[in-house]
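Colleague: In case you want the letters, here they are:
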Amino acid sequence: MPAKLKWGVLDAVVIVFALIPVLWIMSLSFKTTATLTDGNFIPREWTLENYRTIFSTDQFVRALINSIGIALIATLIAVVLGTMAAYAISRLDFPGKSLLVGVSLLIAMFPQVSLVSPLFNIERQTGLFDTWPGLILPYITFALPLAIYTLSAFFKQIPWDLEKAAKMDGATQGEAFRRVIAPLAAPGVFTTAILVFIFCWNDFLFAISLTSTEQSRTVPVALSFFTGASQFEDPTGAISAAAVVITIPIILFVLFFQKRIVAGLTSGAVKG
Amino acid sequence: MSIGSTTPGSAATSEQTAQQTQQSRTATRHRRKAPLSEGKRQERKLGWLLCAPAAIVMVAVTAYPILYSFWLSLQRYDLRFPADRQFVWFENYVTVLSNSYWWTAFGVTMLITVVSVVVELVLGMALALIMHRTLVGRGLVRTNALIPYGIVTVVAAFSWRYAWTPGTGYLANLITPDGAPLTERGSALTIIILAEIWKTTPFMALLLMAGLALVPDDLLKAASMDGASWWQRFTKVMLPVMKPAILVALLFRTLDALRVFDNIYVLTAGANETSSVSMIAYNNLIRGLNLGIGSTMSVLIFITVAIIAFIFVKLFGTAAPGSSDDGRR
Numbered sequence: 020m021p022a023k024l025k026w027g028v029l030d031a032v033v034i035v036f037a038l039i040p041v042l043w044i045m046s047l048s049f050k051t052t053a054t055l056t057d058g059n060f061i062p063r064e065w066t067l068e069n070y071r072t073i074f075s076t077d078q079f080v081r082a083l084i085n086s087i088g089i090a091l092i093a094t095l096i097a098v099v100l101g102t103m104a105a106y107a108i109s110r111l112d113f114p115g116k117s118l119l120v121g122v123s124l125l126i127a128m129f130p131q132v133s134l135v136s137p138l139f140n141i142e143r144q145t146g147l148f149d150t151w152p153g154l155i156l157p158y159i160t161f162a163l164p165l166a167i168y169t170l171s172a173f174f175k176q177i178p179w180d181l182e183k184a185a186k187m188d189g190a191t192q193g194e195a196f197r198r199v200i201a202p203l204a205a206p207g208v209f210t211t212a213i214l215v216f217i218f219c220w221n222d223f224l225f226a227i228s229l230t231s232t233e234q235s236r237t238v239p240v241a242l243s244f245f246t247g248a249s250q251f252e253d254p255t256g257a258i259s260a261a262a263v264v265i266t267i268p269i270i271l272f273v274l275f276f277q278k279r280i281v282a283g284l285t286s287g288a289v290k291g
Numbered sequence: 003m004s005i006g007s008t009t010p011g012s013a014a015t016s017e018q019t020a021q022q023t024q025q026s027r028t029a030t031r032h033r034r035k036a037p038l039s040e041g042k043r044q045e046r047k048l049g050w051l052l053c054a055p056a057a058i059v060m061v062a063v064t065a066y067p068i069l070y071s072f073w074l075s076l077q078r079y080d081l082r083f084p085a086d087r088q089f090v091w092f093e094n095y096v097t098v099l100s101n102s103y104w105w106t107a108f109g110v111t112m113l114i115t116v117v118s119v120v121v122e123l124v125l126g127m128a129l130a131l132i133m134h135r136t137l138v139g140r141g142l143v144r145t146n147a148l149i150p151y152g153i154v155t156v157v158a159a160f161s162w163r164y165a166w167t168p169g170t171g172y173l174a175n176l177i178t179p180d181g182a183p184l185t186e187r188g189s190a191l192t193i194i195i196l197a198e199i200w201k202t203t204p205f206m207a208l209l210l211m212a213g214l215a216l217v218p219d220d221l222l223k224a225a226s227m228d229g230a231s232w233w234q235r236f237t238k239v240m241l242p243v244m245k246p247a248i249l250v251a252l253l254f255r256t257l258d259a260l261r262v263f264d265n266i267y268v269l270t271a272g273a274n275e276t277s278s279v280s281m282i283a284y285n286n287l288i289r290g291l292n293l294g295i296g297s298t299m300s301v302l303i304f305i306t307v308a309i310i311a312f313i314f315v316k317l318f319g320t321a322a323p324g325s326s327d328d329g330r331r
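Residue numbers (my numbering), protein chains in the order written: chain G, 20 to 291; chain X, 3 to 331.
Quick caveat, the hints were computed from the structure, so don't treat them as lab data. Since this is a predicted model, take the numbers as computed values, not measurements. A couple of the hints might just be wrong.
The calculated lysine-lysine pairs, modelled on BS3-like cross-linking and capped at a C-alpha distance of 30 Å, are [claimed, not checked]:
1) G:183 to X:245
2) X:47 to G:183
3) G:183 to G:25
4) X:223 to X:238
Here are the in silico distance ranges between beta carbons for each label pair [to be verified]:
5) X:241 to G:21: 18 to 28 Å
6) G:67 to X:141: 37 to 47 Å
7) G:65 to X:69: 47 to 57 Å
8) G:21 to X:231: 48 to 58 Å
9) G:178 to X:41: 37 to 47 Å
10) G:145 to X:83: 56 to 66 Å
11) G:178 to X:89: 55 to 65 Å
12) G:178 to X:142: 42 to 52 Å
13) G:188 to X:220: 16 to 26 Å
14) G:180 to X:39: 19 to 29 Å
C-beta: ideal position from N, C-alpha, C; glycine also.
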């Protein structure tokens, strides 16, 4: 089977490209303190000590719960709000549309470093500082421009006439939406969900500036406290182990949603 | 989605209510001569309603911080000398723009952006095609390919740094037997760009793959029956359908690349003239506590990014979201 073989080779290239640095992190996480800096790709002595260290305090577990909760809620809200706005932008004609598109792009463009200290002041005054909503709100805000842009790009390419055709064939408005439009919009929506989730999960800048206790500290910030200082220098093994652990939710999230980005949904939809 | 009534009613009577609203709507249309048709007005109202939540959240969170940055950029304001605070108009801009340090960082940022975005577009497209079409282990490949993007940036950057540091890494002595690649400008920049490409190609690929999912299979089959080669099908059938997806991927990736920070911060900390503009803005704002100059740099980065975004949107014309010629309505 030459076709299968060809794809197999290509797949292997992709996997190697993506995974070598990841395997390197895993290798660091299994190394003992003594062999950590020997420069070997494969550990000479294997140990689970690093994993034991990170789970021995609640700090990491608590941060993991915060991260999962905050990222999921922010993703859900951002995707819903983004879908509503993108539907309006790509389907409806109303004044102020290009203003909205322009403003959301401007927000995406402003260097976030300079927004952190004013945000900190606002959150201190409104009592949002060091709470879940205090992180969820900025995440929604900075994910929305990407969500709106991605989703409107996809909604634009959907053959909306199909909806009319379905209704002519006797489907109700609800059925037409559920059976025809929703499956077509799904690739865009799930792609957006994956990107937004990863953005929230990986954010360091907002998380370190807008939290102060375990109550809302997320994993990337908790990692930086492994040393007590701002640099990650010494506990490389523990940090690598934590990095491996916190990549698992991302893998699960992507595994779950990638199936919904399917090919050929529009098969037979467009004639000529 | 029902555009019609906002009248609350149980599911059983909703159809009836809808009919009634329909009737009353036609009635009003006959009664007074509105400048806008009723349907048009409904459309506007729905448009505003759907956009309002997103718009309110974005403006509420960012309006004050952004305006405050602009305001700070017009002042001499250094937290180490708070008594010297003074409104100086555009003096900060003159200071920054006449500084060679800024222009070096600007050049480095542009180099990183152009090289990484171009390479990522090509690689991302190839990756998207593989993830979209592969016959073997699709889920495995897709998930694997997205892992680099999913790893916390700072941690990934540290793994790159360890790999390239002599004594701790397996790659350090690969190219130059006894050199330290991260301490020389050329090789350090190459490694920074490589790390960027490795990390964010999946972002491009994912967006492009979702664009590929919209290409109708029939169209491809028809094209190949008409004797179109693979390259012709790619450029004449797939690319036009994917244009909006390509724009979004390019635009957001470029915006991100222009603000590159984490990778440089970890890999070289800006040594040997490898700082990006975001790095020096950060150094002034957070490290140096010079709010005036730091904010000025932020505004300048913002203006640069805005110009580039504007060019992209113009280049892509009607493929851009919200452009007036939306077609297909």
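Colleague: Confirm or reject each hint.
Modeller: Now the hints, each set against the structure:
no.: 1; hint: G:183 to X:245; verdict: holds (25 Å)
no.: 2; hint: X:47 to G:183; verdict: holds (22 Å)
no.: 3; hint: G:183 to G:25; verdict: violated (42 Å)
no.: 4; hint: X:223 to X:238; verdict: holds (13 Å)
no.: 5; hint: X:241 to G:21: 18 to 28 Å; verdict: holds (27 Å)
no.: 6; hint: G:67 to X:141: 37 to 47 Å; verdict: violated (29 Å)
no.: 7; hint: G:65 to X:69: 47 to 57 Å; verdict: holds (55 Å)
no.: 8; hint: G:21 to X:231: 48 to 58 Å; verdict: violated (19 Å)
no.: 9; hint: G:178 to X:41: 37 to 47 Å; verdict: violated (22 Å)
no.: 10; hint: G:145 to X:83: 56 to 66 Å; verdict: violated (30 Å)
no.: 11; hint: G:178 to X:89: 55 to 65 Å; verdict: holds (56 Å)
no.: 12; hint: G:178 to X:142: 42 to 52 Å; verdict: violated (32 Å)
no.: 13; hint: G:188 to X:220: 16 to 26 Å; verdict: holds (19 Å)
no.: 14; hint: G:180 to X:39: 19 to 29 Å; verdict: holds (22 Å)
Hints 3, 6, 8, 9, 10, 12, counting from the list given before, are not met by this structure.
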